[in-house]
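Here are the chains, one letter per residue:
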Amino acid sequence: MDEKRESEPTPMKNRTTVERKSDRELVVTRTVNGPARIVFQAWTTPELFKRWWVPKSMGVSLLSCEMDVRAGGKYRLVFGVGDDASNAMEFFGRYIEVTPPSRIVWTNEEGEGGGPVTTVTFEEKGGQTLVVIHDLYPSKEALDAGAGSMDGMPETLEQLDELIVSLVASAGRS
Amino acid sequence: MVQYANAGLDASFAALSDATRRGVLEQLGDADASITALAEKFHMTLTGMRKHVGILEQAGLVTTEKVGRVRTCKLGPRRLEDETAWIERYRKLWELRFDELDKVVEELKRKENVSGRKKRE
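In order, the protein sequence lines correspond to chains E and C. Residue numbering for the first sequence follows this note's numbering, beginning at 34 and increasing consecutively. Residue numbering for the second sequence follows this note's numbering, beginning at 12 and increasing consecutively.
Treat the hints with care, since some could be wrong.
Said to hold, decoys possible - Below, simulated BS3-like cross-link-like pairs (lysine-lysine); rule was C-alpha separation at most 30 Å, straight line:
(1) Lys114(C) <-> Lys158(E)
(2) Lys173(E) <-> Lys85(C)
(3) Lys46(E) <-> Lys122(C)
(4) Lys46(E) <-> Lys103(C)
(5) Lys158(E) <-> Lys103(C)
(6) Lys173(E) <-> Lys103(C)
(7) Lys107(E) <-> Lys120(C)
(8) Lys83(E) <-> Lys103(C)
(9) Lys54(E) <-> Lys103(C)
(10) Lys103(C) <-> Lys114(C)
(11) Lys85(C) <-> Lys54(E)
(12) Lys83(E) <-> Lys122(C)
(13) Lys52(C) <-> Lys77(C)
(14) Lys120(C) <-> Lys158(E)
(15) Lys120(C) <-> Lys83(E)
(16) Lys173(E) <-> Lys54(E)
(17) Lys120(C) <-> Lys103(C)
(18) Lys46(E) <-> Lys120(C)
(19) Lys173(E) <-> Lys52(C)
(20) Lys107(E) <-> Lys103(C)
(21) Lys54(E) <-> Lys83(E)
(22) Lys114(C) <-> Lys46(E)
(23) Lys158(E) <-> Lys122(C)
(24) Lys107(E) <-> Lys173(E)
(25) Lys114(C) <-> Lys83(E)
Treat the hints as calculated values from the structure; they're not laboratory data.
I would like the entire structure built from these sequences, with the hints used as guidance.
Given below as structure tokens:
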């Protein structure tokens, strides 16, 4: 293939959509320019997962990432803000279903009162993969509380918040 | 501190700093109510309740409509805006993630092409 230099960005950027399907459901969709098995690999291999789940530009780092990707296996992610380890936060849960390369289901157990069950599906079409992330919360209140604070991330993540707010401001205003 | 693009949040926080006003919002979340009914519910004078509702109204958290002699209060448009705001923030988070995922996927595709068909077996 006639690939160019590594530093060049992907030419085409696909649209990310979020929809609140019901009181308890939140759905994110995005098409990725690659086959499902590769997207699945990037999602289930800790060294790869670490590189994209917490984008560098957020000012948040992933201190550790343990993933036992199989039905019944556990995962545990530890985030840090800047270099300060005292700000570390843990996200953990259990994989309910792992079906390569098309589907992963996991729980989010770090919050009180029950986090959502997340189902991600990879649907390949013509070399591209439609990724659908479906969050099902135990109640409307849990969704309001969880998604309202950004996927369960506490508001202490001010850097993240600032970045997101400025991005929204620069993208949305006219 | 976090700099919110929306300065209206200041008014919201001020409005929400009072327990009675938070109670009123909770109440209106269940059902619309007249100022009279709210005053009764919170054991206060009509004048007192009008003042609270006025502050909530200024913050966009409540709207009121006068029909005949009764002023009915309901939750305001601000709630919808806020929902849109957090959905947009959540969308941005995923957009950033997917931008990075794109790079990982490109790299994996390249590696696969380099190592040829051996891997496909």
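task = Decide if the proposed pair is consistent with the structure: Lys114(C) and Lys46(E), CA atoms, cutoff 30 Å inclusive.
result = Roughly 11 Å separates the two Cα atoms, so the pair holds.
message = Checking one constraint from the list: CA of Lys54(E) to CA of Lys103(C), max 30 Å. Satisfied?
response = Roughly 18 Å separates the two Cα atoms, so the pair holds.
query = Is the hinted pair Lys107(E) and Lys120(C) satisfied, with a Cα-Cα distance of at most 30 Å?
reply = holds, 28 Å
task = Take a quick look at whether Lys46(E) and Lys120(C) sit within 30 Å of each other, Cα to Cα.
result = holds, 17 Å
message = Check the hint pairing Lys83(E) with Lys122(C) against an upper bound of 30 Å on the C-alpha distance.
response = Holds: Lys83(E) and Lys122(C) sit about 19 Å apart, inside 30 Å.
ask   = Taken at face value, is the distance from the CA of Lys103(C) to the CA of Lys107(E) at most 30 Å?
value = Holds, because 27 Å separates the two Cα atoms, which is no more than 30 Å.
key: Given hint Lys52(C) paired with Lys173(E) - CA-CA distance at most 30 Å   = Cα-Cα ~26 Å, so holds.
30 Å Cα cutoff - pair Lys173(E), Lys85(C) = holds, 20 Å
message = Would the hint linking Lys54(E) and Lys83(E) be met if the CA-CA limit is 30 Å?
response = holds, 29 Å
request  = Would you check the hint for Lys114(C) and Lys83(E), treating anything up to 30 Å between C-alpha atoms as holding?
outcome  = It holds: about 13 Å lies between the C-alpha atoms, which stays within 30 Å.
request  = Measure nothing beyond the straight line between the CA atoms of Lys107(E) and Lys173(E); if it is 30 Å or shorter, mark the hint as holding.
outcome  = holds, 26 Å
query = When you check the alpha-carbon spacing of Lys52(C) and Lys77(C), does it fall within 30 Å?
reply = holds, 20 Å
Of the numbered hints listed earlier, not one is contradicted by the structure.
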